[in-house]
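Undergrad: Residue-level listing of the chains:
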Amino acid sequence: MEVWYSLVDGLFPFTWAQHMFMKNALMAVLLVGPMFAIIGTMVVNNNMAFYSDTIGHSALTGIAIGVLLGFGDPLWIMVIFSTILALIISSLKFFTTASTDTIIGSVSATMVALGIVILSRGGGFAKYSRFLIGDLLSITPNELLILTVAFVGVLILWAIMFNKFLLVSVNLSLARSRGIPVRLIEIIFCVATAVIVTFSIQWVGILIINSFLILPAAAARNITRNVRQYHLVAVLITLASGITGLLCSYYLATATGATIVLIAALFYLLTFVLKPRFS
Amino acid sequence: MPCSNAIEKQQTKACGLCCTLLEDFGVKIGGTEILRDVNLHIHCGELLALVGPNGAGKTTLLKAILGEIPHTGWLRFLDASNCQARKPIVGYVPQKIDFAAGAPVSVLDLFSAALSARPVCLGHSRRMQERTEACLLRVRADHLLKRRLSDLSGGELQRVLLALALEPKPDLLLMDEPVSGIDVQGREMFYEIVSDLRRNYDLSIILVSHDLALVSQYAERVVLLNKTVICDGTPGDVFSDGRINLVYGPLYMERAEGKLSYAKRGGGAIA
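If you're matching them up, the sequences are chains A and B in order.
This note's numbering applies: residue 22 is where the first sequence begins, and numbers increase by one.
This note's numbering applies: residue 780 is where the second sequence begins, and numbers increase by one.
Chain A on its own, in the form it takes in the complex (with noise of 0.2 angstroms):
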C-alpha cells in the first residue's frame, strides 16, 4: 500500500489526492472497474441483466440473515447466501418450463421485502442504508487486499474459461456440440457473477450496482465489431467513469457510486447516438 500511496502523491499532485480515502477510492476504482467490465461484458451476451440485478437486490436479505446470526460484518454470509441463491436461480432454469423472468422477477421482490423487513425490525434499518447508497470512500486497507484477491481470482477464470463462456453465451446447442458441458458452465458463470457483485455491495450500493455492471457493457457493444474491442471498451469506460466519477463526487459532495453510474451513462448515451455509424 505504501507504494501506491506514494505514487499517488507522485502522480497527483492535488488536494483531492492528499486525503488517504481518495487514495483508497482511486485503487478501488481501479479494481472494479475493469473486474466489473469483463464480467457486465458477458452478462450483457447472456441476457442476464436481470439475473445480475435479483443478485444485488437479495443481499438485503444476505445482510439481514448475517445481522440475525449476529455477525458485525455481515459480508461472508451476503456471499454465501448469494451463492446459494445463484445455485438455486440457475437450476430452476433447466428445472421447470416457467418463463425464468417471471421466477427470477418473484425471487428478486421476495428477497427484497424479506431483507427489509428483518432490518426494519425495532426500527433500526436507517443505519443499513450505507449498503443502498454504497460508500466507496470507506474503503480500508484490507477491503482492498480481498478485492485484489477477487480481481485476480476473475482473471484467472476467465484466462481458464473465457472461450466457453463465450461459446455457451453464442449458442447453447451449439457449445454442446463442441462438447461443452454447457450446465456446469452457466452455473459457474452465474456463481462467479453473484460472488463478485455481492463483493462490491457495500462499496457501490444495492441500488446501482447493476448499472455499473451493465452500462459499460452495453456501451461497448453500441460501437465495436469484436470481442476484443468490446471488452477494451467496456474497461476504458468502467476506468474512466470510475475516475471522473470519484473526482466529481470529491468536489460536489456526492455519493461515489451514483456519480460514477451517471458518467457511465453519458458514455452510454454517447454510444448510442454514435452507433448508426458503426452498423
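These aren't lab readings, by the way, just hints derived from the structure by calculation.
On a predicted model such as this, the values are computed, not experimentally measured, just so you know.
Treat the hints loosely; a few may be bogus.
Stated by the list, open to error - Okay, the calculated bits of chain B under chain A, using three or more residues with CB under 8 angstroms as the criterion:
1) 888–896
2) 917–929
Said to hold, decoys possible - No farther apart than 25 angstroms at their CA atoms in a straight line, the calculated lysine to any residue pairs in the SDA-like style are these:
3) B:Lys866 to A:Val203
4) A:Lys114 to B:Ile808
5) A:Lys114 to B:Ala880
6) B:Lys807 to A:Ser112
7) A:Lys296 to B:Leu901
8) B:Lys807 to A:Gly200
9) B:Lys948 to A:Ser194
10) B:Lys866 to A:Pro202
11) B:Lys948 to A:Arg199
12) B:Lys875 to A:Ala70
13) B:Lys807 to A:Ile201
14) A:Lys114 to B:Leu845
15) B:Lys925 to A:Thr292
16) B:Lys948 to A:Asn192
17) B:Lys925 to A:Leu257
18) B:Lys925 to A:Trp179
19) B:Lys807 to A:Arg197
20) B:Lys875 to A:Pro202
21) B:Lys925 to A:Val294
22) A:Lys296 to B:Ser929
23) A:Lys296 to B:Lys925
24) B:Lys807 to B:Glu847
25) B:Lys807 to A:Arg199
26) B:Lys875 to A:Leu193
27) B:Lys925 to A:Pro297
28) B:Lys866 to A:Ile201
29) B:Lys875 to A:Arg197
30) B:Lys948 to A:Pro202
31) A:Lys114 to B:Ile813
C-beta: ideal position from N, C-alpha, C; glycine also.
Given the coordinates of chain A, assemble chain B onto it according to the supplied hints.
TA: Relative to the frame of chain A, chain B by itself:
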C-alpha cells in the same frame, strides 16, 4: 462386415467403407418412450434425410447422437483403415435461432473460441486466423471473416456454422433443419455446398428437413421416422410408399407432390 466389399467400393472418392452404426437405438425421457429400435447404417459419403411429422423424434435422435440426452442401444463408428469401432466425431449445424443477437462477436471470434484455448478477448494468433480462413473457404464464406455474427444474413450464418461443424473434420455431420426460414438462393447455395462436401470428404450426413422437395433433390436416401424407422430407401421409394401418407396425412402429401414434381422438372438446372 463393412470390409467385405472393399475392392469395388475403393473406386469412389469418398471411401464408402467407414460407416456409422446405430443399433437398437432408443430414447426415453421421464418414462415416455420417444424413440425405440432405431437401426441405421450410414456409409460415409452418404446424405441421409430424416423426415417425419412434428413430434416424431427427429430432433431427439440428433440430440441423442450428440450425447445431449441419454440413449439406450449403441452408436458406433467403424473406421475403414482398421475396421475398429470407436466413437464418431460428430459435427452439428443448429437451426438458425437466437444467434448472438446484437453481440459484437465476429466470425473469427466464434472460430477461435471453438478451436483454441487462448481467451478470445485478448485477440487472435495469426495461425488461428489462417486456419479460420481456410475453413471458411470450404463454404465460400472467406469474405465474412471479420463480420459480426449478428450482421450476417440467414444463409451466410448457416454457411459459417457449417464451416465450423466441419472443423475438426467430423465422421458424421448432423444438420437440424439448417435452412428453414432462409430464402431460395441461400438454400440452394447451402445444399450445393453440402453436396460438394459429401463427394469430396469422407463424411456421412444426417439432415433433418421438412422440405420434401429439396430432400428428394439432394438426398440419396430418405428415412421416414415416427418413434422408430417406418421406411428407409431412396427418395422415390419412400415418397411413393403408402406409409408416408399414413404418417403425414394424404392432404400434406398431395401438396408436397406438387412441389416434388416441380422440383424434378426444375431440378436439372440447379443440380
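Undergrad: The structure should be examined with respect to each hint, and the outcome stated for every one.
TA: How the hints compare with the structure:
1. 888–896: With 7 residues in contact (Cβ-Cβ under 8 angstroms with chain A), the coverage given for the region 888–896 of chain B holds.
2. 917–929: holds (count 3)
3. B:Lys866 to A:Val203: 21 angstroms, holds
4. A:Lys114 to B:Ile808: It holds: about 18 angstroms lies between the C-alpha atoms, which stays within 25 angstroms.
5. A:Lys114 to B:Ala880: It holds: about 20 angstroms lies between the C-alpha atoms, which stays within 25 angstroms.
6. B:Lys807 to A:Ser112: 22 angstroms, holds
7. A:Lys296 to B:Leu901: The hint holds at about 24 angstroms.
8. B:Lys807 to A:Gly200: Holds, at roughly 22 angstroms.
9. B:Lys948 to A:Ser194: 19 angstroms, holds
10. B:Lys866 to A:Pro202: 18 angstroms, holds
11. B:Lys948 to A:Arg199: At roughly 12 angstroms apart (the allowed maximum being 25 angstroms), A:Arg199 and B:Lys948 satisfy the hint.
12. B:Lys875 to A:Ala70: At roughly 24 angstroms apart (the allowed maximum being 25 angstroms), A:Ala70 and B:Lys875 satisfy the hint.
13. B:Lys807 to A:Ile201: Holds, at roughly 23 angstroms.
14. A:Lys114 to B:Leu845: Within the cut-off at roughly 21 angstroms; holds.
15. B:Lys925 to A:Thr292: 21 angstroms, holds
16. B:Lys948 to A:Asn192: 21 angstroms, holds
17. B:Lys925 to A:Leu257: 23 angstroms, holds
18. B:Lys925 to A:Trp179: 23 angstroms, holds
19. B:Lys807 to A:Arg197: 20 angstroms, holds
20. B:Lys875 to A:Pro202: OK: B:Lys875 and A:Pro202 at ~21 angstroms, within 25 angstroms.
21. B:Lys925 to A:Val294: The given pair, whose Cα atoms are some 24 angstroms apart, holds under the 25 angstroms limit.
22. A:Lys296 to B:Ser929: It holds: about 14 angstroms lies between the C-alpha atoms, which stays within 25 angstroms.
23. A:Lys296 to B:Lys925: 18 angstroms, holds
24. B:Lys807 to B:Glu847: With Cα atoms ~13 angstroms apart, B:Lys807 and B:Glu847 stay inside 25 angstroms; holds.
25. B:Lys807 to A:Arg199: Holds. B:Lys807 to A:Arg199 sits at ~24 angstroms (cutoff 25 angstroms).
26. B:Lys875 to A:Leu193: Holds, at roughly 12 angstroms.
27. B:Lys925 to A:Pro297: 18 angstroms, holds
28. B:Lys866 to A:Ile201: OK: B:Lys866 and A:Ile201 at ~17 angstroms, within 25 angstroms.
29. B:Lys875 to A:Arg197: 16 angstroms, holds
30. B:Lys948 to A:Pro202: 21 angstroms, holds
31. A:Lys114 to B:Ile813: Holds. A:Lys114 to B:Ile813 sits at ~23 angstroms (cutoff 25 angstroms).
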